[in-house]
Structure formats: structure tokens, C-alpha cells
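Colleague: Here's the letter readout for the chains.
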Amino acid sequence: MKFGVVTFPGSNCDYDAYTAIKVLGEEVEFLWHKSSDLLNSDVIILPGGFSYGDYLRSGAIARFSPIMKSVKEFAQSGGLVIGICNGFQVLLESGLLPGALLRNAHLRFAGKYIYIKVENNSTIFTSVCQPGEVLKIPIAHMDGNYYNFDGEIEYLKKQSQIIFRYCDKDGNISEAGNPNGSIYNIAGISNKEGNVIGMMPHPERAVENILGSSDGLKIFESIVKSFSKGMAIERA
Amino acid sequence: MEQQKEPKVTAELVKEHGLNEEEYQKIIEILGREPNFTELGIFSVMWSEHCSYKNSIALLKTLPREGENLLTGAGEENAGAVDIGDGLACVFKIESHNHPSALEPYQGAATGVGGILRDIFTMGARPIASLNSLRFGSPENPRVRYLVDGVVRGIGDYGNSFGVPTVAGETYFDEAYTGNPLVNAMAVGIAKTDGMISATIKGTGNPVMIVGSKTGRDGIHGATFASEELSKESEEKRSAVQIGDPFTEKLLLEATLEIIDEDLIIGIQDMGAAGITCSSAEMSARGESGVTIDIDKVPIREDGMTPYEILLSESQERMLVCVKKGKEEDVRRIFDKWELNSTIIGETNDSGIFKVRLNGETVSEIPSDVLALGGSTPIYHRETKKPDYIDELAKFDFNDYPLDRNWNEDLLTMLAAPNICDKSWVHDQYDSQVRTNTVVAPGSDAAVLRIRKTDKALAMATDCNGRYCYLNPRIGAQQAVAESARNVTCSGARPVAITNCLNFGNPYKPDIYYGFSEAIAGMGEACRMFNTPVTGGNVSFYNQDKDRAVFPTPTIGMLGIIDDLKHITTQWFKNDGDLVYLIGENKEELGASEYIHTIFNKNTGPVPELDLQFEKDVQDTVREAINSGIIKSAHDCANGGLAVTLAECCISNKEEAIGAQIHIDEELRADCLLFGETQSRIIVSVDKNDGEKLVELCIKNNIPVSAIGKVGGNRFSINDIINLPLTDMLPAFYDSLGKLMAKA
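Residue numbers (our numbering), protein chains in the order written: chain A, 1 to 236; chain B, 1 to 744.
Don't read these hints as lab results, they were simulated from the structure.
Check each hint, because a few of them may be wrong.
Facing chain B, a subset of chain A residues (Cβ under 8 Å, in silico) [as the list claims (entries may be wrong)]: (1) 12; (2) 13; (3) 15; (4) 16; (5) 53; (6) 111; (7) 205.
Values in this document were obtained by computation on a predicted structure and should not be read as measured data.
Glycine included, every Cβ here is placed at the ideal spot set by N, Cα and C.
Bound conformation, chain B alone (with noise of 0.2 Å):
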């Protein structure tokens, strides 16, 4: 490789790498020069939003991060860790991969995956599961369409090579995300506590290897181009998508899971958003030490790169590995093996540098601290200004919702509404059992993984209203961490921590920082309240198009431990002659409902309340009452209602659907009977015999229940304005969205 003659750094350049004026002379500054175009390059990746979490990190450290079980603190690893018992330790991690999904969903959503996984597996973890939560437009619309399509196609084909089970997540419509969709993957493993190991690198002469694929020019600026908003322009920026080969990732785990048994190595850490340069600073700031590259001995896919375009290409399945020096040749032995490159490119040393040398002469060379998160990259505190939608879309008039409607017409058209009908569509695509631990599968409130030569199991769901967070951001996230762990909790566990993808508009509009810090500030409040911590995530800003901003959607990946495999439980109604309770009480609200968006396409009026202390009250109960053995089905109240999650009990495990008699004695509108969104309730089924003990314990814990019916026959019923055979809400609730995915 020759030194090609470089692009001389002008104003205009710099401007074209994303930096401002301010960050140009604070580059000067540290440099005490002028950078030169591979460190402009460099600087340019580091401190984009996506690397830097520049506008958001002063409000992520206001988030609880501490808990007694947790094992890593929030951004210090690729992945959070939770301690859960037996020697064992749960990694656990979100990302967003939604600009690269938006122009290319098939590879970008597949490179998502990807991400995720490597981010899992370098913790000397295996995955064990795999989560997706997804967001699109109206899938009337047949960009849409073709963007579900191959996201769908993208993580499926993922992750069914690979071999993790894809287990849960969420798809969800609303035209908000028309222009530019969300996809928030998710991945949790499992490693021996002793057996993890950290992305450092760390002490001086210690080789360090580039192992996995060779580099191409694949994802230049990948990083940059996330930290833009989407525009025409965007289109031209496709090759600033990877592409996934999950055939080498599925190799390059099992090697990597081997050179971390075999104690070879010191630290190790995937290359996800710039490449070599971010693995390479991020590494050495963090084993405070320095690294030089040699950039030529990096094996290439094409002829001709230059230094900059190898420092900052995302070729997928990469890993940086700083080996203990020695053990060079057992690293080699084991990559061979799998048919792996593994290369020295590089050797650690005490300057606190990361140079990059090409055939012995220096192209750059950067103090790793001023490019790493948590060094002392830019941090920024930006302006807050309340939109002034907020205040006019809270006003609400009941008398806009006509109460002389056909309440049986009603229920069906929810139950095919693309935000609540069933999504075997495109659960199917997934392969939801490899690696032979799955016991709860997609369709209940959360999934459910045993853990192997334990009684235990993890419980993980994900979650975010985005209606709710545009309507009041701070609540809205409350109730994406409470709705989580309510989830987790109908399944039998106790939530534990969480991982967040924080997917907002451009922070540097007033009212769009706005959203983002009260969901924050909201987020914060409910982990205090659940003592579910913050392990780390991914924030993705410049969500949007030019016509709008995405709602604000803080999503939630929630985990939850089941000390007990006899206490994992399911939605869906059981036996005939079973009691349904309600657990929680009705309200009269109907704002920001499924309902009122569904029926009067409105996204309007307050959310429902929140009480924090009472929501934890209520799963505390619930989930007495299942470790007490007596709970046959819990189902979280949610989107849709009382009567949507009631008949969801009825129909969601569709081989044994069940009918069910329901009685609610209480004055309120039926709209909001029906279908309002009041929070902090859960739907439970017991034996006839049981139905007593289930009262005194929430008596004993002052938590409402009520007993409201009767699990049984083939039609489901409420008092008198809900009466419908079982034969009418199956098709409407399973055939909706293939229907919809299956026009032209």
C-alpha cells in the first residue's frame, strides 16, 4: 500500500465530516496542529453523536445505574451484566439501526442484529436470544410495506443463520414513523461469571489482532451518517450501509468464545461504528494505555484503500483482540481452525496514544482519552423548549366519541388493528427455538429462556408507547419502564435492570431536546421505583425526515428472573370453570388510546395516570400470587383495554382457544370501560378453588381486585354490550396483518 496523496483540510472539508467551528479548534487545540485528513477522518467518527453521545450524555448520567447484582456499570463495556445466581451473569444490550433500515431495511436491519450479537459474544458470552422492536408507518402505505418486508427478511435471515432464537419484540404502526422507521435490536446471553472478560487493551509489547473478515470500503462513515437527519440526499449515502454475513459471525463466535476459554487474551472488542478506530481508542482509553496500528497490515477485500477509508470502513464481523503476548500463535491455531483471519496489526504501549503508522511512517496520531466515550470527548447541554402541541393535544372533549356504537363491530375492528393483531406474520420468519431453551415463545406478554442445569429462567420483554411519549414524554416513559416490567412480571419473574434505546428527532431543535430530556427525567423515576437499573444502551437522535420528527420513543428492554421454572406463566385462559380477576381499578380515560387512533384516527388527549408506588404495588401482588402457585394466566392490561386484553386471554393461544363470561359492575362510559388505556391493572385466571386466596392476599396487600367472570364455552361476552363467538375474533385477529403485508 502507498500513501496516496491526501485531500488538503479546508473549512469546507471540515465542515463536511459533521464538525463545527468550535470542535475544529478544540481538535487544534489537543493536537496543538492542524489534524491532517486521516485524523480529520478520525475525529469526525469519534465524535459524531453516535460515537460520542455528546448532546445526550449529561442527561444519561442522571439515569440509576448502580444496583447491587450488576457486574458492569453503564457504557464501561459493549454490553451491561447482570449477576443472576449459580455462578452465571446475563449480558444484556439494545441498539438502534434505524438510519441504515430506513434507506436499505434488508441489509440494515440484518447488520443490526449483527451488531447487537458481536456486542454480546465479545463479553464471553453466548447469545441466547435475540429481540427486535420495531416501528414503521401505516402499513397502508407500500414503502411501508417494503420496508417490513425486509427488515423482517433482515433479522430473520440473521438470526435463523447464526443460531439464536429470536424470541420477542415489537411491531408497531403509526404514521410517525413513516419516513424514517425504528428497529431497536436486542440481544441477551449468558457467560460464567468468572469467565467474562472486558474490552480493554492493556500493558506494553502485547500484540493486538484484527480476526473476522478481511475490510473493505463497506459502511465509510456509517457512524457520521447516523448522526444526520434523513433527507434526499441520504439516498446517495447507501454505501454507508454494511452488509451482514451471519455464516462468518457464527464462526466467529465460536472462535471467540474459545480464546476467551483458553484464557489467551487481555480484552476484546467488536467493531461496530468506525471500525478500527473506534475498537482501537475505545480500548486503549479504557486500559488507560496507548496502541499503534500498523494500518498496512490489515488484511483489505479491494486494492487501493487508503489509510482513511481502513480506519473507518464498518465491514461487518470484526473483532479487535489485544492478546496476551505469547499466545499469539494459540489465538492463530483457533481462528484457523474455524477458517478465520487473524492478523497482528498492532502492539500496546504506556503513551496513552493511538497512532496509526502506514509502512513505518505515522499518518496519525491522537491521544485515545479525546476520542473515547468517557474521556474527554465534546459534552454538550442543549436547549429545552416545551413544544407548544403538548398543551393544545392534552385538551380532550368526551362529547368528540359518540357512545351509540356497535360495541361488537368495535372490538373486531381492534382486534385487527395493525397495532394489537397477531404478528405471527412475522414471528414465523423467525426461528424462536435453536439452542433448545425457549419455554415461552412470541405471543405472550414476554418471553421465556430456561437457564440450563438451573431451576431458573430469564423473562425479557421489550417496550415503548410511542403515542403515549409524543403526548407527554416524561409519563410515556414511566410507562414504557412500568409496561416492561409489568410484562416480565405476568410472566412469573421479577424485573431485574434494563437496557434502553433512546430513538429521538435532531437535539439540536429546542423542542425535540425537550421530549428527550423529560423522557429521561420519567425514565429515571420509574427504574428508581422498580430498582431496576440502567445497564446501557444506545441513544439514536435525528430521527426524522423533512417532514417531521419520530415520536419520542424511549424504548425499554426489560429482564426478569423466574427463581422458579414451575412459576412461569402465560396470558392466555386455561381451563373451563377457571375465575378471571382484575387486578388494579377502572378509570374513566380514554385519551391517547388505541381506541380514539384506531376508530377516530386521533393521537390526542392525556394519557392515562401513572402512580408509580401503586403500579409496583400491583405487580409486587401479582406476583406473590403466582410464586403462591395459585395463578393459572396473568395478562397485562394495555394497548386496547380492558376488552381487547380480555379477549386476547380468550384467543392468544390459538389451538386452545377458550370463551370467557364477563361481568363489570361499575358506573363508567363504555368507551372507556372498553377500551380505555388505564395503567397499573392485570388481568389473572385461577381455579374455582382458589378464587378466595387471591382475594385475601390482595386484601392483605390493599390492592383492588374484583372478580369480573368466568373462563369457558365458545363466545365471549361483557355484561351486555360484548357478545361474540369465538369464530368471529379469531380470523380478525389472526389474518389481519398477512391481509395487510400481502397487497401489491
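Looking at chain A on its own, in the form it has when it is part of the complex (with noise of 0.2 Å):
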């Protein structure tokens, strides 16, 4: 199958969401953010940094470049695409997934190695996991700490669209896990479809064991069983 990973002016991690797709083994193009064309991905990654800037609320400007309007049709009829840290922030300003990020609630940049729960190991992006699997995965971010309302929260949980909970090293969901204020200590959540998913841990950061953690590289590998899965379906 194959990747396509967005590079908008001022993003940083293109280029480790590239590199963590060629650890899996599987094929990977660069989308330029002035193009509209995905190049026929079959999934796309919105990778973290800080697109234009972000000197405006950090992804408000990157939702009007070109190729978001394609993602947004590819995404609308079915297509993969996740979205990490900035990805995330994107994925929300374009309406993609629901709630928002603010300020990290101690008000200061956050860079380090975190955990985070399985809360749904049923969708695209978490298949290969177990039920309430601890993923160790580290974050870098100032503008983190999701919020929405708590109906809408309630909501999330019934249609099962949160995916990843900050947790501590044992799995406990608690205030000491929770690095950003994040309500519900939501890290990642999917559109009701469940082919849209936002996260700001960075599972692209996490896929050697050398740099601390491979745990990240069991996201991609979900990816890539469930589309494999689906191509089988469609095509018996």
C-alpha cells in the first residue's frame, strides 16, 4: 500500500512520518502542500510541526492550502488518513474530527516520552493491539490539551471515537499520566466512520527501539493490516 505524507511550509515531521513508513516497508511519497494531488495514496499522513507557522491558532491556516481540499474529499469518501500532532490540530480546524486543542494546561511546551492506552483496539489504526494495550510514545507539543463539551465527550464515548488515553506506565488513566490537561486524558480520537483518526503522540517517532520505543509502529502496522484486510473483502 502506499503512504502520502502532506509537507506543508514549517512542517518537521515529514520527513520522520516518511522515514517510519520505510522502516515498515512500505511505499512512501511526499504531497506538496500547493498540489492537489495525492498521488494516489492510500493513506495520508498529516505530519507534525508547525504549518505556516502557526503563529495564527496552530493549524488554522494549513486547512486552506490546496491539498487539504483533496484530503478532505478523500477523507469524505472513505480514504485513510491520520493526523498527528499538527496533523491533528489540521484535522480539527478543517472540521474532520470534532473538539479542539488548546494550550497545554501548565502553559508550557511539552517534550517527552508519555504512555497512552488502547481504549479501542477495533478500528483501522489499532487492530494489531490488545484490548487496553500501554503504548510508550513520546509527544512534543504546546497546544495539546483537547477539549470539547461534556456531552459531546459522552458522545464520543458511546460512538467508541476515542482511541488513545494518556495513562501512567501501568495503565492507570490519572491526573500524574495526563501531560497537557487533555479532558477525558484524551490523546486520540477518530471520525464516527472511524478512517479519520487524530493523535498527538508521535507514533512515527517510536518505531526503533534504538530511539527508546517501537511501540509507534504497531499504528502502522494496523493500517496496513486492516487496508489489506479490506482490499481482500473488496476483491472476494
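Hey, can you piece these two chains together into the complex? The hints should help.
Modeller: Have a look at this one:
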């Protein structure tokens, strides 16, 4: 399968996402923000960074770029999209996912390894994970404090759209394990249809043990597995 | 743009520009006439301490600057470059941004990072790591906390947005830095050896372009401002502090690497201090050519800027590029793609003159050579006088330090001391992993980054104990080199080269200059011993306020190479049952220690002795042991002495903290044993089956080694004087800085 990694001006994890897919052994290509051609990608990665400088609200300008028009159409027709960090912010600004990411509660950038619990392992993005599995993955963000109205959170829960929650090393959901103040310790959510996911932690940085963890690989492996299964069904 | 009426050059104006009478006479001699206002401005910045190194260059030339792997000489290019094999070069440099950070900590630190990153990528290297060596007054002081907060945010916001991992550094506190903090930023990059480019203007008829941001009024006379003592009036010069834009710098990085990769240009230089003036003069002097700049063609941010202002602006994120004739459109295509300006503003010639025109009229005409470092800028040999305090403070009486103490409490106090405690409050605000090469992040002796497509890694550290340098500048500087080498050695690397950032007070004061000259001498001696040449760096004088000068602080940025990824080593203990060894020997030394500073509030005493040959032998032995595959952890014994070092071995991998039981059978005063800072000591741990191999290796190399204990359990003990549960040590070490910084 083919991954497309979008490069906005100011993206700085595009290269990391690209090399992570190479580690995975799948095909990958960069997609330029001014183009609207997705180059026949099967899944789109919106990478981390500071798109267009993010001097306005994070992700607020990126959503107007030509590539995002195509990504939106692609997502709405069932295409797989994963937004990581700034990519998650762009997905929220684009209306492809619900809610908002506020400034971290302690008002400082947070860059470190943290733990997330797989809340729902029956998604396209988590299919190789065990139920409740704890993943060690780094974060690096200023605006990662997920917020939504209580009613919306209840709705997300009911629809099983909450995919990852911050936790401690042993998988306990706690205040101490929450690095940014996110409501309900939310670290990643999907859309209702399940084909679009946004997450603050960086799975593309945790794909080799030498870097401290390879837990992030499970998310990309899940995508590949789900995709090939889907293809199998379609072909059958 | 119109030529506005310029002020007449008077004696007073000359003085305001920081030029003395002798220098002014020399200018008249060079030009064969009086300079005009614009020319005066140009001489003022180019002959400022910051650009000309006039008071330091003679001594800097005594440092070892040659080595088989060096690809550039010190000061010849924007940064030093070392051949690291596999067709790759490591480009690295450290630079100060002290004065801007003292006034406007956020922008001062941010632009310090931006400037050093540009020095790296103008060489054709992609930055892979950023480090910061920071020094402040006591964190009990609210003004100091404001500075710390702003500096850390500035470094974080710039590096995080640009996309370079900030991987190591130091944060050091002492009242000597209250009025004048030190912010030294280091960057490391990797280039292909055949893809590097020089900061040169050459040939005739080649177009010269300005690329990147537009030019504004920010930072005018930043270089001159950095060449004065800080005072009340400095506050009014806040406009001399530049404003950073990391987003533009990121675009500039990508565009710059593309034009270099496509072989479109002859040379390129960052516009840092003294902006267009410095880059034009230095590049043409280096290429032994001339350049004519049409100042009216420079894209500007605001109307009404005079040639003087445009020439001296230090607006950030700009470069001067000497393009190969005929490739202008290709350069423009790439800068257009990244939505950056690229404008032809001049042309090269063979006149040797840096000429500036406004609407075709010459407004300045000066030989490049007389402006550029390495050309015929002034060189001074300053007077030195050993300050009286040195002998006075070297006196030390052990009777001042009673031994009836609660050593457990003292250890907890030491672990919480600002100079020892965990610094994650600082480095958690940095992205330390972007570009996914960081193998050892902040928190061990040195940072380690792998080099893709090879089996190698780079180790890097910054070091300087300002207190040692204050008490003995020569040995202090030796120790800074030795400790930085020890740090990279403990990570498994062989030290290869250094960059230095020399932070001192006013060079016109003989006692200050004594410290400078002694530090240079000591640094040279140590660099020769470790075979780590000086690849470049920066001198920052005038680090003083009305009360005092900072400690002499020659910060060392050390680069090491790890030849095999499997030899990367960290400082913390690993497994239950592992054996702990001390390599080196303990001495009865307590002077200049963090212990007497923290517990007795004293900065006195003789600094620990240092035998450079012994130090090298210890390091070589530890490296040999690491390369033989038996070492599980290695930690430099430095600030805080043996007790603190061993405690760090237990707790500095926070999630996997593990205890140790230590027995040292020596007739030493307890305070010296626990907290004395005797040099040339390294703590290692090995599997219980490898102890003999380590001992044999040390005996073969004639290096003292002693088995001092065992890893395991959840307590830390030394003989019968220290016995603490890890649960007491962890909060002391980890919560201290956050609590200090949270004070209102």
C-alpha cells in the first residue's frame, strides 16, 4: 500500500513520518501543500510541525491549502487519514474531527516520552494492539490539551471514537499521567466512520528500539493489516 | 529611496560609535580621507570586539587548530567541520547571545539559536542537534527566574518550530551571573564532504543576492552593543535586540540546502552581527575579490531607511549569496517555491573594495580586507595582572568545615541543589527527538545521535565549571576540556574536536584579561593532550554589570565519535547484582566544591588538582573497556563528588531507579570522600562475571581501579554514613527546580 505524507511549509515531522514508513517497508511519497494531487496514496499522513508557522491558531491556516481540499474529499469518501500532532490540529480546524486543542494546561511546551492506553482496538489504526494495551510514545507540543463539551465527550465515548488516552506506565488513567490537561485524558480520537484519526503523540518517532520504543510501529502495522484485509474483502 | 542628509562626523560621534582616537586615525590613513557617516557606521561594527576579535585574536591563535580530520580551519568559515568518515562531515559551532538575553530573554535566546543554526546550514549541512549552555544568578532572585523562564521559552520555541532536536547543555546558577546571564547556543549538523560550501564571494560579474526575510530596523548596532558593559543605559538599547522568526528560518534552511545541492552558487553567508556589511566584507575578503552593493535594491520592511540603517540592520533569517552567473533564475525558482525573497543587490568584481551605492551614487567605499577578521583589522595585546583575590581565596582551612554532620541530610540537600538537581523542567520544554536520531536524550553525561546509513553515532556535551575558572582560570579551563572529554568518553565516544565560547568581562581591565589569557593557555594545554583541536567558536567580552564581572567562563562544546552503535553507553545503573567500580583515585580535596558552595555558601579553596596525562589515561581505559563490551554504565564524577555521582547512577533513569550498596575503605575525611571533586574519576558498572576483566584491563593500563559495591535493592548506602531509600532521593532530585521556578 502507498502512504502519502503532506509537507506544509513549517512541517518538520514529515521526514520522520516518511522514514517511519520506510522502516515499515511500505511505499511512501511526499505530497506538496500547493498541489491538489494525492498521487494515488492509500493513506494520508498529516505530520507534525508548525504549518505556516502556526503564528495564528495551530493548524488554522493549513486547512486552506490546496492539498487539504483534496484530503478532505478523500476522507469524506472513506479514504484513510492520520493526523499526528500538528496534523491532528489541522484535522480539527478542517472539521474532519470534532473538538479543539487548547494550549497545554501548564502553558509550556511538553516534550517527553509518555504512555497511552489503547481504548479501542477494533479500529483500522489499532487492530494489531491488545485491548487496553499501553504504548510508550513521545509527545512534543504546545497545544495538545484536547477539549470538547461534556455532551460531546459522552457522544464520543458512546460511539467508541476515543482511541487513545494518556495513562501511567501501568495503564492507570490518572492526573499524573496526563501531560497537557486533556479532558478525559484524551490523546487520540477518530471520526464517526473510523477512517480518520488524530493523535497528539508521535508514533512515527517510536518505530525503532534504539530510539527508546518501537510501540508506534503498531499503529502503522494496524493500518497495513486493516487495509489488506479490506482489500481482500473487496476483491472477494 | 533618497539620500537623506547625514550627520557630520565629529569627535563625539566617533566616540559614540565605540572607536578610539587611535582607531579613527587608522581609518583616515586607510581611506586617505575622513570617513562619512555611513562608513563610520561600517567601521564601528566591523572593528567592534564582536566582529573583529581585536582583543582576543592574538591569543586565540595560540590554541591548537590543526588535526588530521579537520576540513576547515578555525575562523575560516561560518563553523568548524570535521571529517567523520563515510563521506560525511560534522559541522558544529557554539556562540554567545548574552547581552541580548540579559535585556530581552525570550528574543535574545531565540535569535541566539537561530543565528547558530544558520551558521551550520550555510555550510551545506543539515542541523541535527542543538545544545545550550546557560548561566544565571541565584534562582531565589525573581528577576533571575524571569530570565530563566524567558530564555528557556525562547530556545524552545525557536528550535521546536525550526525542527531541530535540543539534546543537551547545562543550566548553572551562581550569583556571579546575576546581572549578566550567559546564553551560549551550540548547533551540530551533518553534510556530505563533497557537498559543503564556502562563505566566499569570488570572480567578476557574478550576481550577489540577498535571500530570506526583508530588512528592518531591528538589531541596528547589535554587535557594538555586545561590545560594551551592561548598564542602566543598556535598557534603552533594547531595540538592538533582534526578533526571531523560526518559520522563515525553516524555509530558509530548505531553500538554502536546495540551491547548494543543485550547485547553483559560489558562496553563501548568514547575516548575523552587522548584517549586510559583515557578510559582504567578510565574503569578499575571503575570496580576495570585490563587491558592489546597490543598497536601494534591498527589500525593506519600512519606508525611510537610510543606507546606514540598511547596512547595519541585524534583521534575522537573511543570507547573502554569491550566485554562479547564469543561475540567478534557478535560485529564484527555489526561493519562490519556499515563498521567500531573493533579490539581486550587487555584483562581484576584482577590485578588493566593498562599495555601496544608492541610486548609482557611491555612499561608501572601503577595502574589504581592512574590515574582515583575518584581514587587517586592529589587533591588540592587552595588559594582564593577576587579581589579588586569587591567592586570597586559594587559602583553605579544613577546620572551617565541621565533620559532625548528618550526611544523609547533606546528600538530599545536594541532590536538590540547583546546580545538581534534575533539569527536566528545562529540557521538557524542548523537542529532543524530532528527525528521529536521538539515542540518548538530555539526562546522561552526553547526548548521542545516530548517523543514518552508518553504524556510527555522534556524542556531544558542553561544559565549564565557572567557579573553578574564577579560582584558577588556567586549571579551570583545563578542567572544562577534560570534563567535556570525560562526558563524551562515558557515552562511548572518542573525543575529536571542540568549539569554544569564551565569556569574560571587560578586556581593558588587566585582572580580567589575566583570566582570559590564563584560560586560553590552560585550554590549549588540555586540547593538545586530548588531541581535540579548536575548530572555532566565539569570544564574548564585557560580560559585567556595575557590580562585577561574571566568572571567567570558557565554555567547551565537545564532539565525539562512537564507531559502533552497540557501544553507546548511559550513566545509570542497569541490573540487580551488577558490580560497581571506581576508576581513578580519591584524594583529600574539598576546595571549590559544590558542597562548600551549597552547604556553607562559599566559593573558595584551591581547585582540585588535574594531571592531564593521567586524565587521558583514565579516559582511554574506560573507552577501551566500553569497546570490549563489558561496561553497562559509565558516569563522570564531577559536580557534587562521589556521593552525588553514585546517587545519580541510581536515580537518573527515573522510571527504573535502582539502589546500590557502596563500601569504600579509605582513610579520608567524610566530606572529601562524599563530596570532594577530585578529577579523573569515572564510576562504571559491569555484570558480576565481568569484574575481573575490568580489573585486568585497568592493571594492564596501570590505572587505579577499585571494586566499591553492588547494584540492587531500593536503598542507596555508602559505608555507614549514607543510607537512604530511593523514595527520599527521587523527589529531592526531580522536584527541586520545578518548585524553585514556580515561586511567584
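Colleague: Run every hint past the structure and note whether it holds.
Modeller: Results of checking the hints against the structure:
{"no.": "1", "hint": "12", "result": "3 Å, holds"}
{"no.": "2", "hint": "13", "result": "6 Å, holds"}
{"no.": "3", "hint": "15", "result": "7 Å, holds"}
{"no.": "4", "hint": "16", "result": "5 Å, holds"}
{"no.": "5", "hint": "53", "result": "3 Å, holds"}
{"no.": "6", "hint": "111", "result": "5 Å, holds"}
{"no.": "7", "hint": "205", "result": "5 Å, holds"}
Consistency note: the structure conflicts with none of the earlier hints.
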